[in-house]
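Participant: The chain contents come next:
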Amino acid sequence: MCAVRDLVKTYPATRGRRGAPAAPEIRATDSISLDVERGEIFGLLGPNGAGKSTLVRQLTGLMRPDSGSVEVLGHDLVRHPERASRLIGYLGQESTALDELTVALAAETTGRLRGLPVREARAERDAVLEELGLTALAGRPLKKLSGGQRRLACFAAALVGERPVLVLDEPTTGMDPVARRAVWAAVDRRRAERGATVLLVTHNVIEAETVLDRVAVLERGRVIACDTPAGLKEQVAGEVRVELVWRERAPLDVPEVAALRPSAQESGRRWVLRLGPDEARAAVAAVTGGAAFAALDDFTLATPSLEDVYLALGGDAADATKGLVKA
Amino acid sequence: MTSIIPARTAPSRVRPASGPAGPASPRTAPAPLAPRARLLPSLAAVYRAQLSRARVARIPLLFVATFQSVGIMILMRGVVDGGAEARAVVAGSSVLVVAFVALNLLAQYFGQLRASGGLDHYATLPVPPAAVVLGAAAAYASFTVPGTVFTAITGSVLFQLPLTHLWVLVAVVPLSGAALAGLGAALGLLAPRPELATLLGQLGMSAALLLGVLPAERLPGPVGWARDLLPSTYGVEALARSFDARPDWGLIAFFLAVCAAVGVLSLAVATWAYRRAAVR
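So the sequence lines, in the order shown, correspond to chains A and B.
When you line the first sequence up against the UniProt record's numbering, it's residues 1 to 327, in that order.
When you line the second sequence up against the UniProt record's numbering, it's residues 1 to 280, in that order.
Derived from the structure by calculation, the hints contain no laboratory data.
Check the hints yourself; a few may be wrong.
Estimated spans, in silico, between C-beta atoms of each pair [said to hold, decoys possible]:
hint, chain 1, residue 1, chain 2, residue 2, range
1, A, 227, B, 116, 32 to 38 Å
2, A, 290, B, 116, 55 to 61 Å
3, B, 224, A, 14, 38 to 44 Å
4, B, 279, A, 188, 43 to 49 Å
5, B, 225, A, 135, 54 to 60 Å
6, A, 33, B, 225, 56 to 62 Å
7, A, 267, B, 48, 47 to 53 Å
8, A, 313, B, 206, 55 to 61 Å
9, A, 300, B, 116, 38 to 44 Å
10, B, 195, A, 206, 38 to 44 Å
11, B, 264, A, 123, 33 to 39 Å
12, B, 51, A, 194, 52 to 58 Å
13, A, 313, B, 51, 49 to 55 Å
14, B, 279, A, 13, 20 to 26 Å
From the derived model, a few chain B residues whose C-beta atoms are all more than 10 Å from chain A [said to hold, decoys possible]:
hint, residue
15, 49
16, 170
17, 227
18, 269
19, 279
A virtual CB, placed ideally from N, CA and C, is assigned to each residue, including glycine.
Go ahead and model the full structure; you've got the sequences and the hints to work with.
Facilitator: Structure follows, in structure tokens:
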């Protein structure tokens with residue numbers, strides 16, 4: 001339904017200027033191949049700079065790949081990028097084109113520019129605003145809304161004028177839980193009732209686990225894994241995630257704690273360890289008994305999350321902690 | 001404007017929908033495309049949306065533009081002594097309002113839209129590029145109407161010119177508006193950085209100010225040629241001639257026709273610039 005083959009896009013090297021250092025050539029997408037099935041909610045997960053947005057820009061016809069093919073619902077979008085807008089509803093990261101419009105006018109205008117006649121555009125506008133709980137804000141300019149509300153209004157605009165494929169680039173950034181639920185309910189409804197396919201860019205692992213059917217993990221322009229969230233987690237199923245938070249600092253004078261240190265990922269007072277079940281049990285026993293317990297503020301044991309999968313796949317640990325969000 | 005289904009069928013590597021992934025049946029033919037947005041309805045939608053921005057974003061600037069032009073006329077009253085020069089000053093100041101909004105502000109708007117990624121919004125909708133450019137240009141040209149009319153009337157009273165033929169503004173504002181807005185949009189869309197777009201818009205407006213308001217007879221030769229190249233000049237000339245006791249309508253029509261031709265050309269360039277900016 002949506003097939004991507006060997007997609008390559010390289011940003012050329014830039015020469016340094018005053019105030020801007022030289023940047024080497026960057027392969028933003030490095031021969032990416034993906035298949036998304038019809039009716040699927042497919043996610044692209046990865047830290048900032050992994051190439052997620054570059055990939056969706058190529059899918060939506062905003063950017064021409066250097067090589068490779070993109071085929072959506074039987075249409076070759078590399079050869080005919082202008083068809084993308086007639087197949088795909090796209091929510092980008094920027095709202096500047098709509099910022100000065102009211103919520104209602106933003107949705108209506110977008111619908112009309114998707115080819116709807118006035119009356120239909122207004123009817124769909126009203127239905128979508130109602131569905132997302134935006135009716136009370138309909139008369140307010142986007143500029144005057146909070147970040148999450150503005151994002152929701154842009155999402156509403158993306159839904160007016162139905163398309164069989166939705167491409168959403170971090171749709172829930174800045175939203176409160178109520179707005180997030182409205183977004184996922186709307187996405188689900190379009191899938192259940194109309195068989196819509198959704199391609200979602202996210203760097204939020206919790207969201208990825210709960211809403212996605214399948215997820216491709218991207219790093220440095222490559223797909224390093226692609227499976228269902230459960231399938232990915234099976235790769236690290238034998239492991240347990242142990243999080244230790246020390247009161248001030250780790251009591252390294254305790255031999256058991258010192259022994260754990262090499263396998264811990266440290267960030268301030270917090271240690272994160274991925275251990276086998278027996279090791280985990282031993283580690284917890286060591287830190288909850290004796291001298292170490294006095295220095296311990298908190299600890300948790302959990303089954304691995306997609307973040308652990310990402311780390312286990314060889315994702316750069318420093319990037320992962322910065323780039324992936326767990327809320 | 002119906003969709004053209006390509007003769008080529010879907011390539012063999014389309015995979016059938018698998019397992020629990022979805023309720024779909026395997027596809028062999030390309031899916032139908034949603035209709036394109038047609039030129040006029042989408043132009044109207046863009047125009048309406050842009051006009052709605054006026055209240056918050058543009059009206060204060062329109063006041064600035066009008067006061068600037070009125071101020072210039074008051075200043076020039078001490079310099080020119082009626083006759084042809086007074087007509088040129090009033091006409092130049094009136095068209096300057098158009099240049100301020102349509103050229104300068106539109107260049108800034110498109111420059112910022114391009115730099116911030118806002119063009120993506122339009123580029124991912126099936127809307128003809130011309131509709132976006134023309135809709136925005138028409139809206140900006142419309143903002144100038146009250147200021148231009150006010151300036152022209154004030155100037156006519158200040159310099160004791162006849163108000164009889166001011167209806168010529170009905171043609172002058174849209175035609176010079178189209179020419180200047182097209183130029184402004186093209187500058188904004190082609191400038192590699194938004195600051196450059198702002199700078200170019202300001203320069204264009206300064207040119208319209210100096211070359212339009214100063215009486216042509218007093219300009220040195222090369223500057224006079226630059227005056228001939230500037231699209232607003234022909235709007236200024238048409239308006240200035242209409243203040244004559246017995247206007248030469250043939251000449252006025254000629255100037256307006258030049259304005260219209262430049263307008264078509266500059267809007268075509270702006271549309272090309274939009275296409276170029278939208279897909280990188």
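Participant: It remains to establish, for every hint, whether it holds in the given structure.
Facilitator: For each hint, the structure was consulted:
1. Checked against the hint of 32 to 38 Å, the pair residue 227 of chain A and residue 116 of chain B passes, with Cβ atoms roughly 36 Å apart.
2. At roughly 58 Å, the beta-carbon separation of residue 290 of chain A and residue 116 of chain B lies within the given 55 to 61 Å, and the hint holds.
3. Taken as a hint, the range 38 to 44 Å holds for the pair residue 224 of chain B and residue 14 of chain A, whose Cβ atoms sit roughly 43 Å apart.
4. About 32 Å separates the C-beta atoms of residue 279 of chain B and residue 188 of chain A, a value inconsistent with the hinted range of 43 to 49 Å.
5. For residue 225 of chain B paired with residue 135 of chain A, a C-beta distance near 59 Å keeps the hint of 54 to 60 Å intact.
6. Under the hint 56 to 62 Å, the C-beta atoms of residue 33 of chain A and residue 225 of chain B, about 59 Å apart, fit the expected range.
7. In this structure the supplied range 47 to 53 Å holds for residue 267 of chain A paired with residue 48 of chain B, their Cβ-Cβ distance being about 52 Å.
8. Checked against the hint of 55 to 61 Å, the pair residue 313 of chain A and residue 206 of chain B passes, with Cβ atoms roughly 59 Å apart.
9. Distance hint check: the CB atoms of residue 300 of chain A and residue 116 of chain B are about 41 Å apart, consistent with the given range 38 to 44 Å.
10. Residue 195 of chain B and residue 206 of chain A have their C-beta atoms about 41 Å apart, which keeps the hinted 38 to 44 Å range intact.
11. A beta carbon spacing of about 37 Å between residue 264 of chain B and residue 123 of chain A agrees with the range 33 to 39 Å that was offered as a hint.
12. At roughly 34 Å, the beta-carbon separation of residue 51 of chain B and residue 194 of chain A lies outside the given 52 to 58 Å, and the hint is violated.
13. The hinted window of 49 to 55 Å between residue 313 of chain A and residue 51 of chain B holds, with their beta carbons roughly 52 Å apart.
14. Residue 279 of chain B and residue 13 of chain A have their C-beta atoms about 22 Å apart, which keeps the hinted 20 to 26 Å range intact.
15. Not every Cβ of chain A is farther than 10 Å from the Cβ of residue 49 of chain B; the closest lies at roughly 4 Å, contradicting the non-interface assignment.
16. Once the 10 Å rule is applied to beta carbons, residue 170 of chain B is consistent with being away from chain A; the minimum gap is 28 Å.
17. Every Cβ of chain A is farther than 10 Å from the Cβ of residue 227 of chain B; the closest lies at roughly 35 Å, confirming the non-interface assignment.
18. In this structure residue 269 of chain B is separated from chain A by more than 10 Å, as the shortest Cβ-Cβ distance comes to about 21 Å.
19. The Cβ of residue 279 of chain B does not lie farther than 10 Å from every Cβ of chain A; its closest approach is about 6 Å, which violates its non-interface assignment.
The structure fails hints 4, 12, 15 and 19 (numbered hints given earlier, in ascending order).
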